[in-house]
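When you number the sequence shown by our numbering, it's gap-free, plus one each residue, and the end is 316.
What the hints contain is simulated information worked out from the structure, not anything from laboratory work.
Please note that the accuracy of each hint is not assured.
[Claimed, not checked] Capping the alpha-carbon separation at 25 Å, the derived lysine-lysine pairs in BS3-like fashion look like this:
(1) K222 with K78
(2) K219 with K78
(3) K290 with K222
(4) K298 with K197
(5) K124 with K219
(6) K172 with K197
(7) K219 with K171
(8) K142 with K171
(9) K222 with K142
(10) K298 with K310
(11) K95 with K124
(12) K310 with K67
(13) K67 with K95
(14) K95 with K106
(15) K171 with K188
[Stated by the list, open to error] FRET-style restraints, in silico, Cβ to Cβ:
(16) N127 with S281: 20 to 26 Å
(17) E303 with K188: 19 to 25 Å
(18) R287 with G229: 32 to 38 Å
(19) P97 with P138: 55 to 61 Å
(20) T159 with K290: 34 to 40 Å
(21) T159 with S30: 25 to 31 Å
(22) D215 with N127: 34 to 40 Å
Positions of the beta carbon are idealized from the N, C-alpha and C atoms, including for glycine.
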Amino acid sequence: MNPFSNKKESSEIPDYCYLIAEIGINHNGSLEIAKDLIAQSKAAGFDAVKFQKRTINIVYSNETLDSYRKSPWGRTTRAQKEGLEFSIDEYIEIDHYCKTLNIDWFVSCWDIPSQEKMRIFNTPYNKIASAMATNLDFVNCVASEKKPTFASTGMMEIEQIDKLVDIFENFKCPLILMHTVSTYPASESDLNLKCIKTLSARYGLPVGYSGHETNTAPSIFAAVLGAPVIERHVTLDRAMYGSDQSASLELPGMHSLCSTIRKLKDCLGDGQKRILEEEVVVSDKLRYWRA
Numbered sequence: 026m027n028p029f030s031n032k033k034e035s036s037e038i039p040d041y042c043y044l045i046a047e048i049g050i051n052h053n054g055s056l057e058i059a060k061d062l063i064a065q066s067k068a069a070g071f072d073a074v075k076f077q078k079r080t081i082n083i084v085y086s087n088e089t090l091d092s093y094r095k096s097p098w099g100r101t102t103r104a105q106k107e108g109l110e111f112s113i114d115e116y117i118e119i120d121h122y123c124k125t126l127n128i129d130w131f132v133s134c135w136d137i138p139s140q141e142k143m144r145i146f147n148t149p150y151n152k153i154a155s156a157m158a159t160n161l162d163f164v165n166c167v168a169s170e171k172k173p174t175f176a177s178t179g180m181m182e183i184e185q186i187d188k189l190v191d192i193f194e195n196f197k198c199p200l201i202l203m204h205t206v207s208t209y210p211a212s213e214s215d216l217n218l219k220c221i222k223t224l225s226a227r228y229g230l231p232v233g234y235s236g237h238e239t240n241t242a243p244s245i246f247a248a249v250l251g252a253p254v255i256e257r258h259v260t261l262d263r264a265m266y267g268s269d270q271s272a273s274l275e276l277p278g279m280h281s282l283c284s285t286i287r288k289l290k291d292c293l294g295d296g297q298k299r300i301l302e303e304e305v306v307v308s309d310k311l312r313y314w315r316a
């Protein structure tokens, strides 16, 4: 299902809600864990999995990379960041595995060289993370590909979102904004889900939701508000090493989210009041008087 083929604004339930499992760096540099997460995402009912790609010498300063940081890969931030990065060869294996399982995959890159390198995979979508959405050189690079793109809006003022949207309009590149609160995990009282409708009304664009809370309810509420795309971090175990693990869904939550959202369209119906044939039978039994 292509979420860009049904570009309804966030005012009604879309015909189909596209569900993205954000693996990100929760694989901890292990292809085995990555494949397990891909398989579990597929089994739960997600439409796609998403990873991240960085050139660490661009994204981080030498001072940061050389700083002390204890991790499973060593005692410096450099060792930790290198341990979390998949190589192109590893992404080739991920590409093959996702095709085998018939699940979409794509990445959010954090620098222009990474964006350019990942073009070899011809993934169906691009993703701009909230952290990168104000880097206008990077935004121009992504939009110039004219590939359908999801762009998260965490940590952004309206004027900054205006600039991002303008760039995509100039390139005539399909865009779905993703309402996001960039805290990990996010407090429910901070989620401000009504922004989904606010952004949709301002830009005339579909607006999805990328959640960092610890449960499934806000993502379901976002779908009820009309979000055509829901993205959630996923993990094998919230207790695993990593900054995103605590804001991720484990397998039971993954299944609960997907199965519940898939029921929304049928449960909400079309809003037209009518009496079912089955109700006529019940009425005849229960209404002892006759009008």
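Let me make sure I understand: some of the numbered hints might not hold for this structure. Which ones are they, in numerical order?
1, 2, 4, 5, 7, 9, 11, 12, 13, 17, 18 and 19
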